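So the chains spell out like this:
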Amino acid sequence: MAAEPRSPAAGLQGSRCSGCAVTAYPAEGACPRCGGSADPVALRGTGTLWTWTVQRYAPKSPPYQAPPGGFVPFALGYVELAEGVRVAAVLDIDDVADIRIGMPLTVTAGPGVPRARPTAPGEEGS
Amino acid sequence: MSTDVLICGAGRTPFGRSEATGRQLAADAVNAALADAGIGWSRVRAAFGGSDSAGLADTLVSRLGLTGVPFVNVKNGCATGGSALISAVNAIRSGMADVVLAVGFDKHPRGAFDPRPEDWGLGAEYGSDGLMVTTQFFGMKIQRYMHDHGITPRTLALVAEKAYRNGALTPEAWRRKPLSAEEILGSGMVSDPLTRFMFCSPGAGAAALVLCSPEAARTLGGAPVTLRSAALRTRRFGSFEVFSPSIPAGEPTSVSRDASAAAFEEAGLGPRDVDVCQLQDTESGAEVMHLAECGFCEDGEQERLVASGATGIGGSLPVNTDGGCIANGEPIGASGLRQVYEIVQQLRGRAGDRQVPDRPRVGFTHVYGAPGVSACTVLSR
Chain A
1 MAAEPRSPAA
11 GLQGSRCSGC
21 AVTAYPAEGA
31 CPRCGGSADP
41 VALRGTGTLW
51 TWTVQRYAPK
61 SPPYQAPPGG
71 FVPFALGYVE
81 LAEGVRVAAV
91 LDIDDVADIR
101 IGMPLTVTAG
111 PGVPRARPTA
121 PGEEGS
Chain B
1001 MSTDVLICGA
1011 GRTPFGRSEA
1021 TGRQLAADAV
1031 NAALADAGIG
1041 WSRVRAAFGG
1051 SDSAGLADTL
1061 VSRLGLTGVP
1071 FVNVKNGCAT
1081 GGSALISAVN
1091 AIRSGMADVV
1101 LAVGFDKHPR
1111 GAFDPRPEDW
1121 GLGAEYGSDG
1131 LMVTTQFFGM
1141 KIQRYMHDHG
1151 ITPRTLALVA
1161 EKAYRNGALT
1171 PEAWRRKPLS
1181 AEEILGSGMV
1191 SDPLTRFMFC
1201 SPGAGAAALV
1211 LCSPEAARTL
1221 GGAPVTLRSA
1231 ALRTRRFGSF
1241 EVFSPSIPAG
1251 EPTSVSRDAS
1261 AAAFEEAGLG
1271 PRDVDVCQLQ
1281 DTESGAEVMH
1291 LAECGFCEDG
1301 EQERLVASGA
1311 TGIGGSLPVN
1321 TDGGCIANGE
1331 PIGASGLRQV
1341 YEIVQQLRGR
1351 AGDRQVPDRP
1361 RVGFTHVYGA
1371 PGVSACTVLS
1381 R
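Protein sequence lines correspond, in order, to chains A and B.
Residues in the first sequence are numbered consecutively from 1, following the working numbering.
Residues in the second sequence are numbered consecutively from 1001, following the working numbering.
Among the hints, a few may not be true.
What the hints assert, rightly or not - The list that follows gives simulated cross-link-like pairs (lysine to any residue, SDA-like), each with its CA atoms no further than 20 Å apart: (1) A:Lys-60 with B:Lys-1177; (2) B:Lys-1141 with B:Gly-1250; (3) A:Lys-60 with B:Glu-1118; (4) A:Lys-60 with B:Phe-1243; (5) A:Lys-60 with B:Val-1242; (6) A:Lys-60 with B:Asp-1119; (7) B:Lys-1141 with A:Glu-123; (8) A:Lys-60 with B:Gly-1123; (9) B:Lys-1141 with A:Thr-48; (10) B:Lys-1177 with B:Arg-1017; (11) B:Lys-1075 with B:Pro-1109; (12) A:Lys-60 with B:Glu-1182; (13) B:Lys-1141 with A:Tyr-57; (14) B:Lys-1141 with A:Val-96; (15) B:Lys-1075 with B:Thr-1234; (16) A:Lys-60 with B:Arg-1196; (17) B:Lys-1141 with A:Ala-97; (18) A:Lys-60 with B:Ala-1124; (19) A:Lys-60 with B:Ser-1201; (20) A:Lys-60 with B:Met-1189.
What the hints assert, rightly or not - Partial pick of chain A residues on the chain B-facing surface, computed with a CB cut under 8 Å: (21) Ala-24; (22) Pro-26; (23) Val-41; (24) Trp-52; (25) Thr-53; (26) Arg-56; (27) Pro-63; (28) Gln-65; (29) Tyr-78.
The set of hints was computed from the structure by calculation and includes no laboratory data.
Model, not experiment: these values are computed from the prediction.
All C-beta atoms in this analysis are idealised placements derived from N, C-alpha and C, irrespective of residue type, glycine included.
Please model the entire structure based on the sequences and the hints provided.
Spelled out as structure tokens, the structure:
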């Protein structure tokens, strides 16, 4: 299943507390830990898979909107980013048998929820 | 200074699918608890109760009797029953009333719960893209736990196997047919690594308790059980909860750990003192993790404990002797009080075919639910 093209330039917009350095996604005006003010921050999106599962059956609709070809089971998980936050994302990985906790993934933002795909070699430092 | 609170009456309905409304089930459970205590409704001086989606508890007075009793509605998600119980305890300790009712009930439609993103402060895309599904959270939490602590899918299957075995011994349970670990592993993956028969289902049911001051309990006779403590907590920063667009890095905090520690401290007892316990088992992985979060074992020890039969009815720490949520289903408002009902029966020695041997003295109950709330009790005879 081909994913919608996503623009890496859009980035993941999170927030960071000036007091206790906690990073949150999506961006919040207040820190979820101390309640202090938080500033917007662009998250780099590279990280590793912290946990995952597979949605094996079609979620109730509404609110779920199946893709044009109909529901296909999909993987999802939390990707731990270098900024110290784990972001929920749909995993664009063709074969669920390839999914491993700790695998390098890159998370990008688009029109829907964040999506993650395996990090290409040499991409980590970009 | 705390006054002792005694449970003098306990009642429950069968759980599962029912033609009856949630309120009818609630009235049945209340009447069973009153009969168990040997009193009429007119003796009750205060009442607390609620459901998540089956109506208001205070409307039950039209079925029970218009006595003028103060009746407070409680709505606190998965901790509704526990919150009603704590309110009843406080009513007795404050001197507001000497005989108090706590009731929890619910009735849910078939299938998984279908929450709306906007009710959780999330964007609509979390619903339209298919991330508003509770089973995903349970799968992801145990997936990481298995990775960190060496728990295998077979252990998850053995937990469910025990639940159905105990459910078969419990007349009021919903799932009363024993299933083997192989059948459970082969029942179809729902949210990896959890299969269909490892999950509980939303259903219908009600449970009620009559709580008394020591003075009132003496006039009733019967076989009261002492409620040593009841504690409720909400999540702290760093916990991993359902429907979270992100969670902080680092070792997750646990509201179950916080609530159980508070309940044990208030009771002056510890996990080692417990002879029988009820732990939230929304699915098999929850029971595994809650054993450690509530202090009954170290992380990873469950692999050996469960395989050895320690958590079975004849084992060293019987868990979910009535089959838990997996065999009883999950009527959200009722589950917490069902757990207390079961411990009361066990401590009285009245649990029938599922009675824990050697006269258990101390019991423990634990509920956990969205969006990060837990209620625990310690009971003794």
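Against the structure, the hints:
Distance check on the hinted pair: Lys-60 of chain A and Lys-1177 of chain B sit about 29 Å apart at the alpha-carbon level, beyond 20 Å; violated. Simply put, Lys-1141 of chain B and Gly-1250 of chain B have alpha-carbon atoms about 14 Å apart, close enough for the 20 Å limit, and the pair holds. In summary, the hint linking Lys-60 of chain A to Glu-1118 of chain B is supported, as the alpha carbons are separated by about 16 Å, within the 20 Å threshold. Between the alpha carbons of Lys-60 of chain A and Phe-1243 of chain B the distance comes to roughly 15 Å, so the proposed pair stays at or under 20 Å and holds.
Restraint check for Lys-60 of chain A and Val-1242 of chain B: satisfied, since their Cα atoms lie roughly 17 Å apart, inside the 20 Å limit. Distance check on the hinted pair: Lys-60 of chain A and Asp-1119 of chain B sit about 16 Å apart at the alpha-carbon level, within 20 Å; holds. Restraint check for Lys-1141 of chain B and Glu-123 of chain A: the C-alpha separation of about 29 Å exceeds 20 Å, so the hint is violated. Among the hinted pairs, Lys-60 of chain A with Gly-1123 of chain B is consistent with the structure: their alpha-carbon atoms are about 17 Å apart, no more than 20 Å.
Using a Cα cut-off of 20 Å, the hinted pair Lys-1141 of chain B and Thr-48 of chain A holds, with the two alpha carbons roughly 16 Å apart. Between the alpha carbons of Lys-1177 of chain B and Arg-1017 of chain B the distance comes to roughly 16 Å, so the proposed pair stays at or under 20 Å and holds. Between Lys-1075 of chain B and Pro-1109 of chain B, the direct Cα distance comes to roughly 19 Å. Compliance with the 20 Å bound is thereby established for this hinted pair. With a C-alpha separation of about 29 Å, the suggested pairing of Lys-60 of chain A with Glu-1182 of chain B is violated against the 20 Å cut-off.
Of the pairs offered as hints, the one joining Lys-1141 of chain B and Tyr-57 of chain A holds, with about 19 Å between alpha carbons and a cut-off of 20 Å not exceeded. Proximity of Lys-1141 of chain B to Val-96 of chain A is assessed by CA-CA distance (about 18 Å); at most 20 Å being required, the pair is judged to hold. For the given pair, Lys-1075 of chain B sits about 14 Å from Thr-1234 of chain B by alpha-carbon distance, which is consistent with the 20 Å threshold. Note on Lys-60 of chain A and Arg-1196 of chain B: the hinted pairing holds, with a Cα-Cα distance of about 17 Å set against a maximum of 20 Å.
Taking the CA atoms of Lys-1141 of chain B and Ala-97 of chain A, the gap is near 19 Å; set against the 20 Å cutoff, the hint holds. For a cut-off of 20 Å, the pair hint linking Lys-60 of chain A to Ala-1124 of chain B stands: about 14 Å separates their Cα positions. At roughly 15 Å between alpha-carbon atoms, Lys-60 of chain A and Ser-1201 of chain B fall within 20 Å of each other, so this suggested pair holds. Note on Lys-60 of chain A and Met-1189 of chain B: the hinted pairing holds, with a Cα-Cα distance of about 17 Å set against a maximum of 20 Å.
The interface hint given for Ala-24 of chain A is met, as the beta carbon of that residue sits about 6 Å from the closest beta carbon of chain B, less than 8 Å. For Pro-26 of chain A, the suggested interface contact is upheld, since its CB lies about 6 Å from the closest CB of chain B, less than 8 Å. The beta carbon of Val-41 of chain A is not positioned within 8 Å of any beta carbon in chain B (closest approach about 13 Å), and the interface hint is therefore violated. The closest approach between the C-beta of Trp-52 of chain A and any C-beta of chain B is roughly 6 Å, which is under the 8 Å cut-off, so the hint is satisfied.
Given hint, Thr-53 of chain A at the interface with chain B, holds; its Cβ is 3 Å from that chain's nearest Cβ, closer than 8 Å. With a least beta-carbon distance of about 5 Å to chain B, the hint placing Arg-56 of chain A at the interface is held under the 8 Å criterion. Given hint, Pro-63 of chain A at the interface with chain B, holds; its Cβ is 3 Å from that chain's nearest Cβ, closer than 8 Å. The interface hint given for Gln-65 of chain A is met, as the beta carbon of that residue sits about 4 Å from the closest beta carbon of chain B, less than 8 Å.
Hint status for Tyr-78 of chain A: holds, given a least beta-carbon distance of 7 Å to chain B, under 8 Å.
Violated hints for the displayed structure, listed by number in ascending order: 1, 7, 12, 23.
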